[in-house]
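A.B. asks: Let's have the full structure, built from the sequences with the hints guiding it.
Protein chains in written order, with the numbering used here: chain P, 32 to 353; chain R, 235 to 499; chain W, 6 to 524.
Just so you know, the hints here were simulated from the structure itself, not pulled from any lab data.
None of these values were measured; they are calculated from a predicted model.
Watch out, some of these pointers could steer you wrong.
[To be verified] SDA-like cross-link-like pairs, simulated, lysine to any residue; straight-line CA separation at most 25 angstroms:
no., chain 1, residue 1, chain 2, residue 2
1, W, K405, P, S92
2, W, K385, R, V241
3, W, K405, P, V63
4, P, K169, R, L476
5, W, K179, P, G85
6, W, K385, R, L270
7, W, K179, P, R229
8, W, K179, P, A91
9, W, K179, P, R110
10, W, K405, R, G360
11, W, K405, P, I90
12, P, K169, R, P419
13, P, K169, P, R229
14, W, K118, W, S90
15, P, K169, R, R238
16, W, K405, P, S303
17, W, K179, P, G123
[Claimed, not checked] Facing chain W, from chain P, some residues (calculated, C-beta under 7 angstroms):
no., residue
18, G77
19, G117
20, V121
21, A204
C-beta: ideal position from N, C-alpha, C; glycine also.
Here are the chains, one letter per residue:
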Amino acid sequence: MTYWTTMIVGRLAQTAMVAWTIVTMCFVFVHVLPGDTALRIAEARGGAEFLNVGRAEEIASEEGLNRPILLQYGEWIRRLATGDLGVSLVSGQSVTSELWYRGQNTLVLGIVGWLASHLVALPIGICAALRPRGWVDKLSSFYCVTMASLPSFLMGIGLISIFALSLRWLPPAGFRSPEHLILPAATLALGLSAFSIRLIRDTVREVNGAFFITFARTKGLTASMALWQNGWRNAAIPIVAFAALQFAAVVDGFIMIETLFNFPGLGDLLVSSMLARDVPMVMGAGLVAAVGYGLVNLAADLTSLALDPRISQRDQRRATFR
Amino acid sequence: MMRRMQVASIAVLIVAAGIHLLLPGDPNSQDLLRALEGPSLLHPFGFDHLGRDVLLRVAHAAPRSLGLAGLCVVFAYAGGLALGMIAAYRGGLVDAVLMRLVDLLLAFPGILLALLLAGFLGGGPGPILFGISLGLMPQFARLSRATAGQVLAEQHVEAAEMAGFRTTAILRRHVLPPVIHSTLPIGVLSVGGAILSVSSLGFLGLGIRPPTPEWGAMISEMMPYISEARLQLAAPCLAIFLSVLAFAHVFTTGRKKVTAGRRHD
Amino acid sequence: MTDLSRRTVLLGSGTLAALLTAPRWLEAQENAPSSIRAIQPWEFKSIQPAESGFVLNRASIAEGLTALEPDGRVVPCLSQSWTVSDDAREWRFVLRDGVVFHDGTPVTAEAVKASMDALLPQARRLSAVPIASIAAEGNEVIFQLARPFGPLPAYLCDFAISVYAPAAFTADGKIASLISTGPFKVDSVDLPRRLTLLRHDAYWGERPSVERAEFEAVANGETRTNMALAGDADVIMNIPTPSVARIESSGMMQVHEVINPRVHALYPDCGKPQFSDARTRRALSLAIDRTAIARTIMRNAELAATQLFPPVMPDWHFDDLPRYDYNVAAAEALLDKAGWIKGADGIRSKDGVRFAGTIHTFPNRPEMPVIATALQAMFKTVGYDLAISVGEASAIVEAKQNGTLDIGFSSRHLAIVPDGIAVISSEFVVEDSRNQSDTGAMNWRNAEFDRLTDAYFAETNEEIRAASRHRLTEILQEDLPVIPIVWYSQIFAVSDGLDGFVNDPFEQRLYLERLRFKA
Chain P
32 MTYWTTMIVG RLAQTAMVAW TIVTMCFVFV HVLPGDTALR IAEARGGAEF LNVGRAEEIA
92 SEEGLNRPIL LQYGEWIRRL ATGDLGVSLV SGQSVTSELW YRGQNTLVLG IVGWLASHLV
152 ALPIGICAAL RPRGWVDKLS SFYCVTMASL PSFLMGIGLI SIFALSLRWL PPAGFRSPEH
212 LILPAATLAL GLSAFSIRLI RDTVREVNGA FFITFARTKG LTASMALWQN GWRNAAIPIV
272 AFAALQFAAV VDGFIMIETL FNFPGLGDLL VSSMLARDVP MVMGAGLVAA VGYGLVNLAA
332 DLTSLALDPR ISQRDQRRAT FR
Chain R
235 MMRRMQVASI AVLIVAAGIH LLLPGDPNSQ DLLRALEGPS LLHPFGFDHL GRDVLLRVAH
295 AAPRSLGLAG LCVVFAYAGG LALGMIAAYR GGLVDAVLMR LVDLLLAFPG ILLALLLAGF
355 LGGGPGPILF GISLGLMPQF ARLSRATAGQ VLAEQHVEAA EMAGFRTTAI LRRHVLPPVI
415 HSTLPIGVLS VGGAILSVSS LGFLGLGIRP PTPEWGAMIS EMMPYISEAR LQLAAPCLAI
475 FLSVLAFAHV FTTGRKKVTA GRRHD
Chain W
6 MTDLSRRTVL LGSGTLAALL TAPRWLEAQE NAPSSIRAIQ PWEFKSIQPA ESGFVLNRAS
66 IAEGLTALEP DGRVVPCLSQ SWTVSDDARE WRFVLRDGVV FHDGTPVTAE AVKASMDALL
126 PQARRLSAVP IASIAAEGNE VIFQLARPFG PLPAYLCDFA ISVYAPAAFT ADGKIASLIS
186 TGPFKVDSVD LPRRLTLLRH DAYWGERPSV ERAEFEAVAN GETRTNMALA GDADVIMNIP
246 TPSVARIESS GMMQVHEVIN PRVHALYPDC GKPQFSDART RRALSLAIDR TAIARTIMRN
306 AELAATQLFP PVMPDWHFDD LPRYDYNVAA AEALLDKAGW IKGADGIRSK DGVRFAGTIH
366 TFPNRPEMPV IATALQAMFK TVGYDLAISV GEASAIVEAK QNGTLDIGFS SRHLAIVPDG
426 IAVISSEFVV EDSRNQSDTG AMNWRNAEFD RLTDAYFAET NEEIRAASRH RLTEILQEDL
486 PVIPIVWYSQ IFAVSDGLDG FVNDPFEQRL YLERLRFKA
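C.D. replies: As structure tokens, then:
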């Protein structure tokens, strides 16, 4: 049990470090990039057409953008310590509530997309592995190659034109009801499943060839029975690890998908607030992304541990040797 | 079967890279009166919304799209390898700091970086190159760090160290070759991914400056005309699809070559 | 059994996570047929009228003392009528009786004065009006002006100074909640995209027939097209021109089109050696095939600009002005005469200066980069080498600030203040307190133009005013500090099930209150 706690605490501390660095990077980034911050904020507030320098100067003095950069940074960190992420420079609304709203939308989209991809990928991948060169294997590898070779925006456009415009079964954009979730989640799932099917197939095949499965089969179990009773746990570990890795790819995907579907999520928020130089919002969104990434990785590690107690034993042994 | 696919994919890539040499003409010359004109024998993919020959544009976009993607990977690959090898060789604090840095990059989406830079600098290949390279770098750094770590633990490296070889010499002669062996296939494969990223940025309107032809940008330009100009829209889509597919299959060739090469060692 | 419990834990924590994040749509979601859904392209990033007032007025939430009718007339709104003293310096607006704010409090002269006082400092266009003081007297609001100023009622239509209730303001004069007088009141605000509206039952005018309305911003034109194709909304604003045919044939929505008081125009930096000579500007104008651009890119040949102001602003549009010709030979002759000689690469130069530059434009209006691309090819034929930079709009202002802007390409609403003089003075009269725009004409001065503009504000004789207007537009036409390319048409997609849609060319209001569902 102590191993678990030290490991969790260590990883949380690491996540906090990563988050702090990311946030600092965001801050530096916004200030280092060419272009005038106040002017961008003025544009975001009032639209491109009514833009002028006088307004930008007013904003700069109102929001204290002319203060030394270190002072601004220090104040942000100080406020963060009290749990306050500040207010958006553009909308004047609380950053926390905006992040919460966008964050849960993105989380729901991510969870649904990720689950859907695995609902598709697991059975197909396992079937393909059980019968190498069978028709499921061939068909699925064709599917994987095709999906992996298409940019996600094309998949999204394809889905929109079939299901929203031709058949009119689903809404094409926005997020007002659960139905609005289906197309973006499907776009996400299609892209993800292309990679996970292959991984699942390869992993299951490797495990299937392992001696304990062969041994089980000599006991008279069928191939699938043997795999089910003995193999799934071994096969699951790399799959879980990979699923966590996919998270990073998913963030890229969110930006594209949320833009395409006009979906009010974090990716969309991050891009628009970066373009608007909305410093508190950018830093808040960066914080959420970093913490989310850390937590997903932690969850993956914990799952691996739960699946394979040998990992913790090995780590503990290593620790004592040191 | 597999062999045939590889030959086909290499052929696709050669055609993609070279076809613009066979098709003379300015891909940007426009004739507004022929806007959205359908296909004909001389212009098999018809004309786009500004009356430009779509075949010509797709062909001229190829070296640029592929070249940019390739360059992204080369930069990322070189940077990742250097980072990974230094981390493995130095070990200790340097290793820890560099690898945490790599973790950071993993958490920061590369496409976002490219998007932002492009938004501020008004497009152009620089931001794309920077953003996508930075996004690809971590995986190469991690892979090469792992392989380099294994190699450095082998005895002939220690022997070379004791014989007084300089660091660069050791890294170059003993560490670099196995690291390249183990990472090159992934490198080749990720060109396909880079093509997708480049075209995504182009699609978002932040890729290459107009009127330079680029596949992703061509798709987004033609999207509004989807019902009138299906063929003109399909052409760049097909180009992206085929070239990514081709890189995926050159990869299997690459892997086989590499494993074969290792066996000879 | 231990693995089972672990599995349960995993499953359980997953479910828990999903439950904890149950988003808003799981809460009651209603879609009553008595609700109208309107889509428009501009996100609203704040609730301050100076910044997002265009949305608040368009959504029929806020109103001002005066209002602009779709036919271009400035009419009383919260005021019942107005009178002006002979020297045009004292304006008395009589308030309408029995008007109440959304919170039920009456609209008094004091409340209007307080709202004006709080909002005027942020209202940039109003800084052109020499307001000395505002007073409340009985049911009259009185504006004392420092100088005579004829177009005051037109300036008072401005969305930045719509009237808000005393309870709407915080102590420092910012809007905290949207309490105004319009036919709809705000139910909820989801910045930057969604507003839900409820009928204001005590509205002074005609009561809206629908109970609720939803107002949503969808920035991407392609997405708006898709929504129109799928019939996913009742009114959709700013349909991209190429999509019109598709939407018409899909049969879900009807398309309404009207020419706006808007122009897409080039603003060359007249201080640069390439453009300091009016002949070079005229030559570039001659090189533009406006009809082809209007027909193929805007899909409407009528949109080819013949002068700055489109016919929808009859006071400022003059049919007798010389039209812009498309004549490449004449353009080349002009440039030859001006001393710009074609080099081996087909690009002209003079005294070592290349006839070349960068055009800055932004993709918010999807047709603009396309037009820029078309211009690039046209300018090349006369020997001007145009590079295109597509970025944020603020990049144009920045480039102008640091002097690196060669040509700005922007889209201008010419009737935010429904009197052309506002644009004339703010865009073309340089170094003037009224010059509010940092994207207007660059380094162009014309003494006659400045004098005419100044005199116009105080002039009360309509004949002289008309003559001034004619001369002002004529100067613009000859000297080309701005090179208009195309006008713009507002295209709406409106659901077949709706009656009473009003296509307001001034983009001021959607008139949601006049919409009703067909029986």
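A.B. asks: All hints are to be evaluated individually against the structure, with a verdict given for each.
C.D. replies: Against the structure, the hints:
no. : hint              : in the structure
1   : K405/W <-> S92/P  : holds (22 angstroms)
2   : K385/W <-> V241/R : violated (43 angstroms)
3   : K405/W <-> V63/P  : holds (21 angstroms)
4   : K169/P <-> L476/R : holds (19 angstroms)
5   : K179/W <-> G85/P  : holds (19 angstroms)
6   : K385/W <-> L270/R : holds (22 angstroms)
7   : K179/W <-> R229/P : violated (57 angstroms)
8   : K179/W <-> A91/P  : holds (17 angstroms)
9   : K179/W <-> R110/P : holds (24 angstroms)
10  : K405/W <-> G360/R : holds (23 angstroms)
11  : K405/W <-> I90/P  : holds (19 angstroms)
12  : K169/P <-> P419/R : holds (23 angstroms)
13  : K169/P <-> R229/P : holds (11 angstroms)
14  : K118/W <-> S90/W  : holds (20 angstroms)
15  : K169/P <-> R238/R : holds (16 angstroms)
16  : K405/W <-> S303/P : holds (24 angstroms)
17  : K179/W <-> G123/P : holds (11 angstroms)
18  : G77               : holds (5 angstroms)
19  : G117              : violated (15 angstroms)
20  : V121              : holds (5 angstroms)
21  : A204              : holds (5 angstroms)
Going down the numbered hints, you'll see the structure goes against 2, 7 and 19, while the others check out.
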